[in-house]
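Chemist: Listed here are the chains, written in short residue letters.
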Amino acid sequence: MLCKAQGITKRYGPSTVLEAASFTIHEGEVLGLIGPNGAGKTTLFECLAGLLPTDGGTVEFRGAPLPASRRKQALFYLPDGIRPWADQPVHWVLAFFEALYGRPPGEGAALAAAITRDLKLEPLLRSRIGSLSKGEAKRVLLALGLLTPQPLLLLDEPFDGLDFRQTRDVMALLRTVPARGRTLFVSIHQLVDAARMCDRLVLLSRGRVVGVGTLPELRSLAGLAGVDGAGLEEVFLALT
Amino acid sequence: MPSRRFRWLAAKEFRELMASRAFWLLLLMIGPLVGHGFITAVDTYAEASGIAGGPAALGQGLSPLDGILVPTFGAYDLAVTLLFPFVAIRLVAAEKASGAWKLLLQSPASPGAMLLAKGLTLLAGWLVAWLPGLAALVLWKLYGGTLYQPEVLNLLLGHLLRVVLAAGLAVAAGAIANGAASAAIATLGFTVGTWALEFIAAGRGGALQKLASYTPTAALRVFEQGELRLATVLVTVAIGLAGFALAAVWLHPGRTIRYRLIAGAAILLLLTLTGAAASRLRSARDLSENRRNSFSAADESALARIRQPLRVTVFLSPEDPRLMDLDRNILAKLARILPEVEIVHAAHSRTGLFEAGGDRYGEVWYQLAGRKSMTRSTTEPIVLDNLYQLARVPPPVRRESEFPGHPLPATPSGAAVLYYAIWPLAIAIAGWLHLRNWS
Chain A
0 MLCKAQGITK
10 RYGPSTVLEA
20 ASFTIHEGEV
30 LGLIGPNGAG
40 KTTLFECLAG
50 LLPTDGGTVE
60 FRGAPLPASR
70 RKQALFYLPD
80 GIRPWADQPV
90 HWVLAFFEAL
100 YGRPPGEGAA
110 LAAAITRDLK
120 LEPLLRSRIG
130 SLSKGEAKRV
140 LLALGLLTPQ
150 PLLLLDEPFD
160 GLDFRQTRDV
170 MALLRTVPAR
180 GRTLFVSIHQ
190 LVDAARMCDR
200 LVLLSRGRVV
210 GVGTLPELRS
220 LAGLAGVDGA
230 GLEEVFLALT
Chain B
0 MPSRRFRWLA
10 AKEFRELMAS
20 RAFWLLLLMI
30 GPLVGHGFIT
40 AVDTYAEASG
50 IAGGPAALGQ
60 GLSPLDGILV
70 PTFGAYDLAV
80 TLLFPFVAIR
90 LVAAEKASGA
100 WKLLLQSPAS
110 PGAMLLAKGL
120 TLLAGWLVAW
130 LPGLAALVLW
140 KLYGGTLYQP
150 EVLNLLLGHL
160 LRVVLAAGLA
170 VAAGAIANGA
180 ASAAIATLGF
190 TVGTWALEFI
200 AAGRGGALQK
210 LASYTPTAAL
220 RVFEQGELRL
230 ATVLVTVAIG
240 LAGFALAAVW
250 LHPGRTIRYR
260 LIAGAAILLL
270 LTLTGAAASR
280 LRSARDLSEN
290 RRNSFSAADE
300 SALARIRQPL
310 RVTVFLSPED
320 PRLMDLDRNI
330 LAKLARILPE
340 VEIVHAAHSR
350 TGLFEAGGDR
360 YGEVWYQLAG
370 RKSMTRSTTE
380 PIVLDNLYQL
390 ARVPPPVRRE
400 SEFPGHPLPA
410 TPSGAAVLYY
420 AIWPLAIAIA
430 GWLHLRNWS
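Keeping their order, the protein sequence lines are chains A and B. FYI, numbering that gives the first Met the number 0 numbers position 37 of the first sequence as 36, with every residue one higher than the one before it. FYI, numbering that gives the first Met the number 0 numbers position 322 of the second sequence as 321, with every residue one higher than the one before it.
Honestly, the hints are just simulated from the structure, not real lab data. Being a predicted model, the structure only gives us computed values, none of them experimental. Using N, Cα and C, we set each Cβ at its ideal position, and we do this for glycine too. Just to be clear, a hint being listed does not mean it is correct.
[To be verified] Calculated Cβ distances over 10 angstroms to all of chain A for the following chain B residues:
| id | residue |
| --- | --- |
| 1 | R4 |
| 2 | T255 |
| 3 | D326 |
[Stated by the list, open to error] When the alpha-carbon atoms are kept at most 16 angstroms apart in a straight line, the in silico EDC-like pairs for lysine to aspartate or glutamate are as follows:
| id | chain 1 | residue 1 | chain 2 | residue 2 |
| --- | --- | --- | --- | --- |
| 4 | B | K101 | A | D162 |
| 5 | B | K209 | B | E197 |
| 6 | B | K95 | A | E59 |
| 7 | A | K119 | A | E59 |
| 8 | A | K3 | A | E59 |
| 9 | B | K95 | A | D162 |
| 10 | B | K371 | B | D384 |
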């Protein structure tokens with residue numbers, strides 16, 4: 000087990016956005032976070048990353064408690080919908096991010112070059128971040144996330160803004176990430192994409208974790224084990 | 000040698016500064032502002048020096064510090080109040096709004112290092128904005144003017160500290176407020192608040208006046224008078240640093256509001272204690288060429304023999320100009336040179352117009368070693384002779400001021416072209432070339 004979240008709770012005034020969310024993340028897997036809009040997916044990620052104070056709960060990493068102040072040593076969270084350093088060109092932002100993590104110059108540059116190639120960013124390198132389309136900006140953000148060295152990478156809606164072909168390519172790329180020694184925890188809006196991409200799934204509804212496991216395990220949990228063709232959508236509807 | 004990571008952070012801040020339209024606007028406007036101050040000052044100085052056959056002022060009254068330096072660099076006070084906060088706020092608020100800050104907080108760089116990079120970048124940007132002011136010094140020398148190095152450096156230090164203070168406040172506002180507009184309003188609100196404080200506290204004495212002596216304008220005024228006061232330096236730096244510390248606490252969204260409030264209160268408490276401790280420091284150097292902040296050398300040597308505490312009771316109202324004379328010409332100088340001076344403001348009204356005869360209005364009582372004497376004078380030799388008599392110290396033999404004054408009937412040739420044409424044009428072209436790829 001790589002990481003264990005236990006009883007993560009977050010309230011805004013009287014409303015509870017996350018209610019004792021508990022699950023585990025296994026080393027080298029791609030774990031999906033599934034839930035409708037407003038389920039608390041982004042809040043859960045920000046709580047895990049230590050970017051939002053929680054009202055309860057703990058996080059363990061490789062069996063040891065991991066307080067919020069040390070989360071950045073173990074995990075990196077890539078938010079959705081951000082547009083950092085809009086006035087700077089893509090190549091500079093990539094170089095800056097790589098330098099920030101202090102890899103040896105040659106090694107960092109080689110990694111950045113590989114990620115640039117994999118995400119097909121070459122034509123965008125001289126463009127300002129602010130001038131990119133939504134899909135282009137998303138690919139640049141993914142590159143930033145892949146440049147970080149933390150063992151656990153949290154991606155919020157990595158396919159949002161990408162077209163079908165780009166989604167397929169990025170999905171294929173992300174599937175190779177565990178082989179390079181990192182674990183992915185990914186929130187995905189499209190259930191079809193989630194079913195294709197993830198090894199296991201965390202189902203979140205109204206701030207509560209309603210199921211954790213592989214698709215067959217979730218089918219069993221939902222009482223749909225014997226139902227032919229029961230997909231993630233049917234499972235989710237049955238559990239919520 | 001800064002680490003590679005810090006160099007990249009500083010480079011990022013510098014690139015962000017150069018991408019800021021507010022910064023280019025500041026550069027564009029600072030040239031004509033400084034130029035106007037300089038050209039007007041040189042003209043006025045020349046008139047006072049008797050240009051074109053007009054009557055000349057007494058040479059001793061003509062000091063380049065008052066006549067040229069203060070009005071020229073006064074443009075920077077205006078710019079640091081009304082333009083610079085927007086540049087500083089953008090450097091923080093833009094990263095908050097764009098989500099960049101969330102990425103940075105997860106990197107190995109500490110928030111302290113990130114804010115240090117911002118602070119150093121703002122200082123570097125401000126030094127670029129100093130070019131028109133420094134050019135004015137060169138022009139003044141070319142006209143044949145005199146510059147007294149200690150007072151020039153002291154004035155520059157005052158303006159540098161002024162920008163440290165402004166940067167701290169703006170960065171704190173940018174961190175705490177929800178957006179750049181709110182932060183700008185908060186910063187300008189603070190400035191207006193300090194003006195109100197100075198107005199209310201004028202001549203009142205006590206804690207309020209003490210507090211008002213550390214407002215940005217009042218602190219700068221100390222340097223403009225050619226005085227280097229340790230307390231002013233420490234309090235100004237402390238306010239600036241407190242602003243950056245507040246920003247470091249407040250910018251981390253992972254901290255609870257309770258934590259941020261407690262940490263913020265602790266920083267403000269520390270600042271208050273530092274300010275209170277610093278305000279008790281009496282160390283000061285008079286760096287003005289005409290020694291306007293000091294008694295004559297003969298008087299200082301005689302006063303140094305007085306070791307007993309002095310109590311001064313002043314029956315002058317806050318708005319009475321005689322109180323300002325007494326404060327500036329006598330009491331401030333005495334407070335620096337005597338080991339212990341207690342000043343009591345005993346007038347009952349604000350203006351003194353309606354004080355009854357029995358209220359002793361206009362009297363100033365000096366009490367030393369159990370003896371008391373009164374004088375209504377605010378003239379330096381009379382007051383000092385009165386003190387010597389009380390202290391039983393023989394009065395010294397005084398000589399005329401050794402400051403000759405520096406009259407110069409010069410015309411500001413070339414300045415208008417430099418400040419109103421060359422500088423704006425150069426900045427406009429540089430800004431356009433730099434920003435055209437980013438528009």
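Chemist: Each hint needs a verdict: does it hold in this structure or not?
Modeler: Taking the hints in turn, this is what the structure says about them:
1. R4: 6 angstroms, violated
2. T255: The assertion about T255 of chain B is violated, with a minimum of 4 angstroms to chain A.
3. D326: 50 angstroms, holds
4. B:K101 to A:D162: Judged against 16 angstroms, a Cα distance of about 26 angstroms means the pair is violated.
5. B:K209 to B:E197: Distance ~10 angstroms between K209 of chain B and E197 of chain B Cα, so the pair holds.
6. B:K95 to A:E59: Distance of about 29 angstroms is beyond 16 angstroms: violated.
7. A:K119 to A:E59: Roughly 36 angstroms separates the two Cα atoms, so the pair is violated.
8. A:K3 to A:E59: Within the cut-off at roughly 5 angstroms; holds.
9. B:K95 to A:D162: 29 angstroms, violated
10. B:K371 to B:D384: 14 angstroms, holds
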